[in-house]
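Here is what each chain is made of, one letter per residue.
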Amino acid sequence: MKNQISRRSSLLRMGAAFLGLVTLSAARAAKAAVQTVFVSTSAPKGYDPTRHKWLMCIDDNKCIGCGLCAEACKKENGVPEGPYYRTWIERYIIPKPKPGSDQTRGEAIVDSPNGGMHGFPEPTLPKDQIEHAFFVPKLCNLCENPPCVQVCPVGATFRAPDGAVLIDPKYCIGCAFCVQACPYGSRFLNPVTHTAEKCTLCYHRITRGLKPACVEICPAEARIFGDLKNLPADDPLQKFYEKNRVQVLKPHLGTEPRVLYAGLDKEVR
Amino acid sequence: MRRFRLPPQILRLVLVALAIVGSYLVARSFLVPPSFGKYGWYRGDSLTLIASRDPVFAGKKACDECHSDILHNLAVDAHKTLSCEGCHGVCQEHCNNPDILPDKTTGSHCIRCHEANLARPAWLKQIVVKDHYGPKCTECHLPHQPTKTP
Chain A
176 MKNQISRRSS
186 LLRMGAAFLG
196 LVTLSAARAA
206 KAAVQTVFVS
216 TSAPKGYDPT
226 RHKWLMCIDD
236 NKCIGCGLCA
246 EACKKENGVP
256 EGPYYRTWIE
266 RYIIPKPKPG
276 SDQTRGEAIV
286 DSPNGGMHGF
296 PEPTLPKDQI
306 EHAFFVPKLC
316 NLCENPPCVQ
326 VCPVGATFRA
336 PDGAVLIDPK
346 YCIGCAFCVQ
356 ACPYGSRFLN
366 PVTHTAEKCT
376 LCYHRITRGL
386 KPACVEICPA
396 EARIFGDLKN
406 LPADDPLQKF
416 YEKNRVQVLK
426 PHLGTEPRVL
436 YAGLDKEVR
Chain B
2 MRRFRLPPQI
12 LRLVLVALAI
22 VGSYLVARSF
32 LVPPSFGKYG
42 WYRGDSLTLI
52 ASRDPVFAGK
62 KACDECHSDI
72 LHNLAVDAHK
82 TLSCEGCHGV
92 CQEHCNNPDI
102 LPDKTTGSHC
112 IRCHEANLAR
122 PAWLKQIVVK
132 DHYGPKCTEC
142 HLPHQPTKTP
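Residue numbers (this note's numbering), protein chains in the order written: chain A, 176 to 444; chain B, 2 to 151.
Check each hint, because a few of them may be wrong.
Unchecked claim - Computed footprint of chain A on chain B; a stretch qualifies when at least three of its residues, placed anywhere within it, have a C-beta under 8 Å from a C-beta of chain A:
| id | region |
| --- | --- |
| 1 | 46 to 57 |
| 2 | 81 to 89 |
| 3 | 109 to 118 |
| 4 | 128 to 141 |
Unchecked claim - Below, a list of computed lysine-lysine pairs in the DSS-like style, where the Cα atoms sit at most 25 Å apart:
| id | chain 1 | residue 1 | chain 2 | residue 2 |
| --- | --- | --- | --- | --- |
| 5 | B | K126 | A | K302 |
| 6 | B | K61 | A | K250 |
| 7 | B | K126 | A | K418 |
| 8 | B | K149 | A | K220 |
| 9 | B | K81 | B | K149 |
| 10 | A | K273 | A | K302 |
| 11 | A | K250 | B | K81 |
| 12 | B | K126 | B | K61 |
| 13 | A | K271 | A | K302 |
| 14 | B | K137 | B | K149 |
| 15 | B | K39 | A | K345 |
| 16 | A | K228 | A | K425 |
| 17 | A | K414 | B | K62 |
| 18 | B | K105 | B | K137 |
| 19 | A | K404 | A | K418 |
| 20 | B | K81 | B | K61 |
| 21 | B | K131 | A | K414 |
| 22 | A | K271 | A | K441 |
| 23 | A | K345 | A | K206 |
| 24 | A | K302 | B | K131 |
| 25 | A | K414 | B | K149 |
| 26 | B | K39 | A | K404 |
| 27 | A | K418 | B | K81 |
| 28 | A | K206 | B | K39 |
| 29 | B | K62 | A | K228 |
| 30 | B | K39 | A | K228 |
| 31 | B | K62 | A | K404 |
| 32 | A | K441 | A | K302 |
In case anyone wonders, no lab produced these hints; they're calculated from the structure. Where is the CB? At the ideal position from N, CA and C, for every residue including glycine.
When you get a sec, could you build the whole thing from the sequences and use the hints?
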């Protein structure tokens with residue numbers, strides 16, 4: 176008879192099925208072991224990035240150039256010593272036009288010694304030749320269309336649903352394409368970890384309900400930070416919106432920044 | 002009628018193709034992190050990884066829990082916009098254990114903001130330090146209530 180199952184073949188089949196089950200469970204265990212490499216713990220619970228939309232505004236009329244924000248950012252985020260800044264202050268000095276020229280103003284001189292952390296020295300230009308001088312705080316512009324995200328070859332940098340542009344430190348290979356791509360110069364390679372780094376909006380603070388360190392420390396309230404999806408009527412962001420006409424940096428690039436500036440000069444880029 | 006049989010060379014090619022696709026799928030299921038695609042084309046868990054850092058600055062609200070009297074004085078005068086930790090230094094440890102004083106080395110002094118600088122806005126009160134009276138600011142000015150004198 177053809178269809179009869181012999182004892183030998185049925186035993187073999189049962190053995191094969193058992194071996195298959197064992198290998199399957201071993202594969203599952205191995206998969207879990209591989210994936211624990213990617214999974215992290217000890218983060219604040221209950222933060223849903225889809226329920227927030229962060230926005231940073233800067234009232235440039237209020238910046239006094241004390242450099243507390245740049246210093247606080249370094250301390251808060253453990254940024255290494257040296258010329259590495261997630262946020263910094265620039266000083267713009269606009270000289271008077273040369274006598275006899277048909278220009279309204281001279282060419283702007285921009286400096287940012289130590290990111291403005293330890294104050295600014297006296298300008299090299301004599302006082303009577305300066306028409307206008309002011310400070311501009313800079314940080315990641317939180318673009319809606321971030322060029323840095325487009326160029327990343329490993330998909331390590333991305334735009335979170337809450338508007339923050341972040342870097343996955345475990346995926347970043349430190350190729351620095353994003354550093355070159357950022358039109359605002361907001362990124363750098365961390366000399367310790369050799370991965371790209373940038374302003375995270377103090378992600379570890381905002382997920383715990385705190386303000387970013389630079390906003391917290393600013394003595395002049397030049398930085399205004401808020402959540403567009405949970406905006407009370409008396410929120411400073413709301414007042415800022417009502418009072419000011421705002422603009423963004425380098426609008427012609429189409430990056431659609433979410434850092435809005437009020438009171439900027441045309442020289443600021 | 003003769004039964005159709007796949008030529009053996011084609012059968013081998015199909016098997017090789019299946020093996021390649023199969024090994025790709027196995028490798029993919031192992032290597033793609035579980036949270037990939039949760040919010041977009043990236044690892045959703047990286048958000049929690051980035052958020053797992055401990056805050057350094059405690060924030061003004063934390064100071065208000067014990068020093069509400071000082072903060073009340075501060076709130077009615079010109080320095081109302083100042084953050085405590087800007088001048089007094091990082092206070093996170095001090096919040097957890099009041100015996101540890103705030104880290105004064107990370108604090109700053111009046112001159113940091115009030116030294117005259119051409120680029121500072123006109124609304125900010127500024128002094129030229131070497132022309133200004135006195136070596137110590139607090140002899141004449143109360144830091145928490147700058148419009149009052151001690």
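*Would you check the hint for B/K105 and B/K137, treating anything up to 25 Å between C-alpha atoms as holding?*
Cα-Cα ~17 Å, so holds.
*A/K404 paired with A/K418 [C-alpha distance capped at 25 Å]*: The given pair, whose Cα atoms are some 20 Å apart, holds under the 25 Å limit.
_Hinted pair, alpha-carbon criterion (25 Å max): A/K414, B/K149. Please report holds or violated._
29 Å, violated
*Given the hint that B/K126 pairs with A/K302, test it: the Cα-Cα distance must not exceed 25 Å.*
Answer holds: B/K126 to A/K302 is near 19 Å, not above 25 Å.
*Check whether three or more residues of the region 109 to 118 of chain B sit with their beta carbon closer than 8 Å to a beta carbon of chain A.*
Since three or more residues must qualify, the claim that chain A covers the region 109 to 118 of chain B holds, with 5 doing so at under 8 Å.
*Has the given pair, B/K39 with A/K228, been kept, meaning a C-alpha gap of at most 25 Å?*
Between B/K39 and A/K228 the Cα gap is close to 17 Å, so the pair holds against 25 Å.
_chain A covers the region 81 to 89 of chain B, three or more CB atoms within 8 Å, holds or violated_ = holds (count 5)
*asked:* Just to be careful, I want the Cα atoms of A/K250 and B/K81 compared with a cutoff of 25 Å; is the pair within it?
replied: 24 Å, holds
*asked:* Checking one constraint from the list: CA of B/K39 to CA of A/K345, max 25 Å. Satisfied?
replied: Answer holds: B/K39 to A/K345 is near 17 Å, not above 25 Å.
*Assess, step by step, whether the Cα of A/K273 is no farther than 25 Å from the Cα of A/K302, and give holds or violated.*
14 Å, holds
*Below or equal to 25 Å on CA atoms is what counts here, so check A/K271 against A/K302.*
Distance of about 10 Å is within 25 Å: holds.
_Given coverage of the region 128 to 141 of chain B by chain A, tested with a Cβ cutoff of 8 Å and a minimum of 3 residues_ = violated (count 0)
Comparing the model with each earlier hint shows violations of hints 4, 8, 21, 25; every other hint is respected.
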